[in-house]
Amino acid sequence: MAAATAGGLRQPSVLPGFGLTLGITLTYLSLIVLVPLAALVASAAGLGWDGFWKSVLQPRVLAAFQISLATALVAALVNAVFGLVVAWVLVRYDFPGKKLVDAIVDLPFALPTAVAGIALTGLYAPNGWVGGMLASLGIKVAFTPIGITIALIFIGLPFVVRMVEPVLQDFEAEQEEAAGMLGAGRLATFVRVILPAILPALLTGFAMAFARALGEYGSVIFIAGNLPMVSEIVPLLIVIRLEQYDYGGAAAVATMMLGVSFALLLVINLLQQWVRSRHGS
Amino acid sequence: MALDAFFGPAAAPARPVRSEPRLVRGVLIGTALAFLAIFLVLPLAVVFAQAFAGGVQAWLDSLVEPDALAAIRLTLMAAAIAVPLNLVFGVAAAWCIARFEFRGKSLLTTLIDLPFSVSPVIAGLIYVLLFGLNGWLGPWLRDHDIQIVFALPGIVLATIFVTFPFVARELIPLMQEQGAEEEEAAIMLGASGWQTFRRVTLPKIRWGLLYGVLLCNARAMGEFGAVSVVSGHIRGETNTMPLHVEILYNEYNMVAAFAVASLLALLALVTLVVKSLLEWRYAGELAASRRH
Amino acid sequence: MNIDIQAITKRFGAYTALNSVDLRIGSGELVALLGPSGSGKTTLLRIIAGLETPDGGTVLFGGEDALQRHPRDRQVGFVFQHYALFRHMTVFDNVAFGLQVRPRSQRPAKSVIADRVNELLRLVQLDKLATRYPSQLSGGQRQRVALARALAIEPRVLLLDEPFGALDAKVRKELRRWLRHLHDAMGITSVFVTHDQEEALELADRVVVMSQGRIEQVGTPTEVYRQPATAFVYDFLGDANRIECRVEGGQVRLASQGQPLGGVSGQAGPAVVYVRPHDIELQPAGDDQATGTVRRVYEVGPLVRAEVDYAGTLLEVAVPADDRMPFRAGDRVRVVLRRGLVFPADRPDRPEPMALVPFRGGASGPVVQRL
Chain V
1 MAAATAGGLR QPSVLPGFGL TLGITLTYLS LIVLVPLAAL VASAAGLGWD GFWKSVLQPR
61 VLAAFQISLA TALVAALVNA VFGLVVAWVL VRYDFPGKKL VDAIVDLPFA LPTAVAGIAL
121 TGLYAPNGWV GGMLASLGIK VAFTPIGITI ALIFIGLPFV VRMVEPVLQD FEAEQEEAAG
181 MLGAGRLATF VRVILPAILP ALLTGFAMAF ARALGEYGSV IFIAGNLPMV SEIVPLLIVI
241 RLEQYDYGGA AAVATMMLGV SFALLLVINL LQQWVRSRHG S
Chain Y
1 MALDAFFGPA AAPARPVRSE PRLVRGVLIG TALAFLAIFL VLPLAVVFAQ AFAGGVQAWL
61 DSLVEPDALA AIRLTLMAAA IAVPLNLVFG VAAAWCIARF EFRGKSLLTT LIDLPFSVSP
121 VIAGLIYVLL FGLNGWLGPW LRDHDIQIVF ALPGIVLATI FVTFPFVARE LIPLMQEQGA
181 EEEEAAIMLG ASGWQTFRRV TLPKIRWGLL YGVLLCNARA MGEFGAVSVV SGHIRGETNT
241 MPLHVEILYN EYNMVAAFAV ASLLALLALV TLVVKSLLEW RYAGELAASR RH
Chain S
1 MNIDIQAITK RFGAYTALNS VDLRIGSGEL VALLGPSGSG KTTLLRIIAG LETPDGGTVL
61 FGGEDALQRH PRDRQVGFVF QHYALFRHMT VFDNVAFGLQ VRPRSQRPAK SVIADRVNEL
121 LRLVQLDKLA TRYPSQLSGG QRQRVALARA LAIEPRVLLL DEPFGALDAK VRKELRRWLR
181 HLHDAMGITS VFVTHDQEEA LELADRVVVM SQGRIEQVGT PTEVYRQPAT AFVYDFLGDA
241 NRIECRVEGG QVRLASQGQP LGGVSGQAGP AVVYVRPHDI ELQPAGDDQA TGTVRRVYEV
301 GPLVRAEVDY AGTLLEVAVP ADDRMPFRAG DRVRVVLRRG LVFPADRPDR PEPMALVPFR
361 GGASGPVVQR L
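Residue numbers (UniProt numbering), protein chains in the order written: chain V, 1 to 281; chain Y, 1 to 292; chain S, 1 to 371.
Accuracy of the hints is not assured; some may be wrong.
What the simulated footprint calls covered on chain Y by chain V, stretch by stretch (three residues with Cβ under 8 Å from a Cβ of chain V suffice, anywhere in the stretch; the number is not a length) [to be verified]:
1. 57 to 67
2. 242 to 249
No more than 27 Å apart at the CA atoms, straight line, and that leaves these computed lysine-lysine pairs for DSS-like [as the list claims (entries may be wrong)]:
3. S/Lys173 <-> S/Lys128
4. Y/Lys204 <-> S/Lys128
5. S/Lys128 <-> S/Lys170
6. S/Lys110 <-> Y/Lys204
7. S/Lys110 <-> S/Lys128
8. Y/Lys204 <-> Y/Lys105
What the hints contain is simulated information worked out from the structure, not anything from laboratory work. The beta-carbon is built from N, C-alpha and C at its ideal position, and this holds for glycine as well.
Take the sequences, apply the hints, and build the full model.
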């Protein structure tokens with residue numbers, strides 16, 4: 001019988017189609033994702049150990065990493081705080097237009113990044129609606145790291161909200177009521193009862209926003225100004241190297257960045273395991 | 001009175017244990033709305049304001065101009081190839097992951113999500129390294145007169161990469177939640193594998209499938225970074241809509257840039273509307289994380 | 001169609017769900033697989049159906065190897081615990097499904113299918129709800145749709161996994177009686193899984209009591225209840241008091257204080273007496289005669305229950321509520337075990353239970369309170 005084959009690799013089932021679907025999945029995954037990514041790492045490895053580090057440890061590259069990491073971190077932190085507020089308001093309170101607000105939170109997922117990029121630039125440029133106001137206060141946003149941060153806040157915004165929302169929704173009313181009956185005020189209840197329960201989800205959302213921000217390109221390059229050492233992000237540097245036909249250099253920086261992304265992915269996976277183990281589902 | 005509730009709890013009727021004073025609620029709602037207005041609504045408003053800054057005629061002219069039409073055509077074509085391929089893949093992946101227990105399953109699930117954690121620029125770069133002139137297969141491709149990078153195939157590949165997980169990611173948790181009992185029942189009643197899929201599984205997952213395809217399509221049509229790296233930016237030939245926006249913008253042709261951008265923004269809005277409708281109407285038939 | 005299960009073993013990783021199980025089910029029988037969760041009863045049912053593949057052993061349907069057949073060809077009707085109704089199909093389409101998916105050459109004509117489905121829906125008293133969807137039905141109605149759907153393919157064997165598990169008590173009782181009638185009318189060999197001893201005893205021709213992947217006992221409801229083969233069966237089939245004791249020279253004595261409990265014929269050694277609450281008699285006694293103290297008396301529906309401290313063991317005693325319980329908490333009483341089973345403690349697997357013969361008359365004084 002067909003279901004009994006596959007020699008211990010899987011538990012038998014009466015449902016058919018395992019071989020076919022797994023075959024499609026593995027083939028497609030290998031062709032589209034795994035082999036090309038391997039080619040990237042191989043290209044970087046082609047530089048040799050010294051060549052790789054020489055290519056990565058240049059002041060301009062290090063500065064780009066510093067800018068990318070710093071702006072992504074600040075943007076993710078802003079999103080963690082305001083994302084929590086938005087999630088809280090959407091779950092706990094009723095107000096007119098709530099459904100609309102809930103729907104628009106996902107705008108950054110749906111809006112093409114290039115559109116976001118030129119819109120934010122238009123808004124924050126010295127002659128833009130907001131940029132003009134800020135300029136009169138002496139704050140320059142567009143074409144500085146602040147501008148990059150603003151673009152990254154935009155694209156990372158839904159992550160925290162969408163991670164925290166369901167956890168907040170499932171949070172047992174009884175626990176809060178118990179805290180209240182035991183004499184805790186609202187702030188104490190939030191800090192000591194609710195926050196610990198949603199912390200794993202909050203951290204996961206934060207890490208996802210951070211990871212996404214690190215790799216972001218389209219929405220940033222318009223507003224960043226792209227001055228080397230000042231407002232040049234890593235993905236842009238990869239593009240520049242590529243345009244100079246420095247394939248090895250591009251691959252080296254990209255591999256470095258891939259390493260950072262995978263480390264973040266690992267953190268996110270561990271966080272999600274933590275979420276699951278805490279909520280027992 | 002709000003102030004009473006805040007300052008004089010003894011005089012005011014007791015507030016439920018699970019709510020905050022009205023003032024606190026107001027401040028929180030205000031903060032959330034202000035934040036969303038500044039970061040989401042204003043940029044969206046700018047797009048449309050700028051797009052129509054020169055009037056409806058100018059807007060229309062920017063869209064029917066040959067290069068813009070070519071960009072629209074290319075974008076549609078790339079999505080029309082990438083989305084169905086990812087659909088087939090997503091269904092196959094969900095079937096084997098959600099319906100069977102096998103070794104290496106969690107690794108496979110992680111690998112499927114991988115493209116989401118790769119920078120779009122890297123997504124483009126990997127295909128240039130493979131298929132570009134100086135790439136691994138470059139010389140062989142040139143000898144056989146096959147063009148992948150700086151042509152439609154490269155754009156499609158980059159698009160597939162960045163939209164790779166969408167359908168699978170929606171279907172896997174959905175099918176895991178639904179369980180295999182109905183499929184088992186169908187088999188016990190004598191249905192074949194294909195009959196079981198078409199008559200039992202497919203109707204159960206159709207809204208989840210549509211949801212995944214919707215998000216996949218939005219990203220496919222809007223992708224910028226990955227496509228930008230492999231496209232070569234040849235006007236009227238390898239320029240997708242987002243890339244066309246960039247070119248116009250860099251030429252300081254603001255009205256045209258924002259006109260094309262407004263079309264993409266419209267696509268995003270339609271996506272959001274359909275997505276919200278699905279969430280409200282068919283909440284029970286989407287993965288649990290999508291219901292709210 | 002008789003079913004012959006021989007040496008079936010099933011492991012999930014390191015866990016053994018079924019350990020070399022043998023069972024014969026006669027044609028037309030209604031058999032209950034009874035046991036606590038984790039006893040392997042559902043796994044056994046799913047193996048008969050073909051939903052699980054055993055690691056060893058065989059299953060024969062009418063003498064023919066069923067494991068060689070794909071479940072879709074076994075002609076088994078399976079009713080899932082949560083019914084597994086196709087949620088996007090009407091009641092009618094659910095029941096018709098098994099006929100509609102047949103290969104074209106064997107598929108009945110549309111009108112034949114419709115007739116057959118309507119007939120089945122009448123049988124399960126759902127003909128008025130044919131156009132409803134499963135989500136619009138009550139639990140009991142869904143259960144009957146599931147049954148009609150399973151019967152539509154004219155199965156040779158009907159398997160039901162916890163058929164009443166998801167229903168409330170009242171509906172459950174009604175459906176139980178109805179299922180029994182249906183079985184008597186159709187005569188299909190049927191096996192159902194349950195963890196509810198009352199359900200098994202009331203419904204089945206034979207009860208298979210399972211524990212930890214093994215069969216403890218197979219027998220008619222009367223047999224398993226009156227002559228339990230193992231302490232587990234005794235314990236699982238009703239309320240039971242356990243009293244540590246030892247067997248010595250034809251007498252059973254309390255392990256702690258050595259008081260004689262009754263006579264017994266069997267080997268000497270440590271043992272446990274199992275007594276049902278209604279097999280314990282309480283007699284008024286002075287301090288010199290008393291062997292126990294009433295701790296608490298309370299009424300539960302048709303029964304009055306008492307908790308009695310008996311040489312350090314808390315016994316549960318039951319009397320019908322119409323007999324007035326003559327004792328109150330704190331009273332000293334003499335405890336008499338009217339009937340019980342003695343299981344040797346050191347051989348729990350093959351216990352050869354011994355009947356406890358109560359001491360009567362003479363020394364024990366007049367019987368005041370008959371229980």
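Status of the hints after comparison with the structure:
1. 57 to 67: That given contact is violated, which follows from only 0 residues of the region 57 to 67 of chain Y lying within Cβ reach (below 8 Å) of chain V.
2. 242 to 249: Contact hint for the region 242 to 249 of chain Y vs chain V: holds, 5 residues under 8 Å.
3. S/Lys173 <-> S/Lys128: 23 Å, holds
4. Y/Lys204 <-> S/Lys128: Holds, because 25 Å separates the two Cα atoms, which is no more than 27 Å.
5. S/Lys128 <-> S/Lys170: OK: S/Lys128 and S/Lys170 at ~22 Å, within 27 Å.
6. S/Lys110 <-> Y/Lys204: 25 Å, holds
7. S/Lys110 <-> S/Lys128: It holds: about 20 Å lies between the C-alpha atoms, which stays within 27 Å.
8. Y/Lys204 <-> Y/Lys105: Answer holds: Y/Lys204 to Y/Lys105 is near 23 Å, not above 27 Å.
Violated hints amount to a single one, hint 1; each of the other numbered hints is respected by the structure.
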